[in-house]
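Asks: Sequence:
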Amino acid sequence: YNGGTTEDIKEVVNLVKNKSYNQIHLLGFSLGGNLVLKFLGEDPKVASCITSAVAVSVPCDLYDALLQIDRPQNFVYQKRFLKHLKEKLYQKCKDFPDRITKKDVDQCNSLIDIDNLYTSKAHGYKDALDYYNKCSAKRFLEDIEVPTLIINAIDDPFLGKLCYPYEEAERNANLYLETPSYGGHVGFTDKGTISYAEKRTIAFFDKENLT
Numbered sequence: 001y002n003g004g005t006t007e008d009i010k011e012v013v014n015l016v017k018n019k020s021y022n023q024i025h026l027l028g029f030s031l032g033g034n035l036v037l038k039f040l041g042e043d044p045k046v047a048s049c050i051t052s053a054v055a056v057s058v059p060c061d062l063y064d065a066l067l068q069i070d071r072p073q074n075f076v077y078q079k080r081f082l083k084h085l086k087e088k089l090y091q092k093c094k095d096f097p098d099r100i101t102k103k104d105v106d107q108c109n110s111l112i113d114i115d116n117l118y119t120s121k122a123h124g125y126k127d128a129l130d131y132y133n134k135c136s137a138k139r140f141l142e143d144i145e146v147p148t149l150i151i152n153a154i155d156d157p158f159l160g161k162l163c164y165p166y167e168e169a170e171r172n173a174n175l176y177l178e179t180p181s182y183g184g185h186v187g188f189t190d191k192g193t194i195s196y197a198e199k200r201t202i203a204f205f206d207k208e209n210l211t
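In our numbering, the protein residues as written are 1 to 211.
Check the hints yourself; a few may be wrong.
The following label-pair restraints were derived from C-beta to C-beta distances [claimed, not checked]:
hint, residue 1, residue 2, range
1, Leu15, Lys161, 34 to 42 Å
2, Gln107, Val16, 37 to 45 Å
3, Lys92, Lys191, 38 to 46 Å
4, Asp95, Thr5, 15 to 23 Å
5, Ser20, His123, 28 to 36 Å
6, Phe75, Lys45, 43 to 51 Å
Note that these hints are calculated values from the structure, not bench results. Just so you know, even glycine gets a beta-carbon here, dropped at the ideal spot from N, CA and C.
Go ahead and model the full structure; you've got the sequences and the hints to work with.
Replies: Here is the structure:
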């Protein structure tokens, strides 16, 4: 995940287009799903070559998802994420000592601290809130012009209420939202080795192939 920019997706899509494929389908999970949705809506003309897309367990409102992760019941997850991100930033301290210091990283006690210190600044945003606002896919959903399915489980521990875009799906005939009761975050276990989300993705792609 590269801070909310969609340049990597554009590069891959252009490469595939040059290979003369008849159809291009996109599938994204979690923050990757947010990026896919943002790509589809921020420039519909660029995304017009996409046949259909599916996004699973999407924190389409990044700030709302952050607040959800910060809740006491997600303490274990938050600490794990924070530890992982700080380890990466310590490496950045070695690579760019004039831009970020170990003291800066040590003072980060939450995910928003990380985003204020590094994520936002590294990608040209004023601060974490500016980054969340401009990179949240939710603000682009109404402009999506290709068939797109969002699968967000109700029991996803990382998604707040604003991450379930019911109104946007109602207003946009190209946008479909499924909110199964169970599935957690990118879980969706089912009988056999294929998950519910995988089955729905294949079915959605097949359906759009026929229309």
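Asks: Any of the earlier hints contradicted here, and which numbers?
Replies: The structure conflicts with no hint, since it agrees with every one listed earlier.
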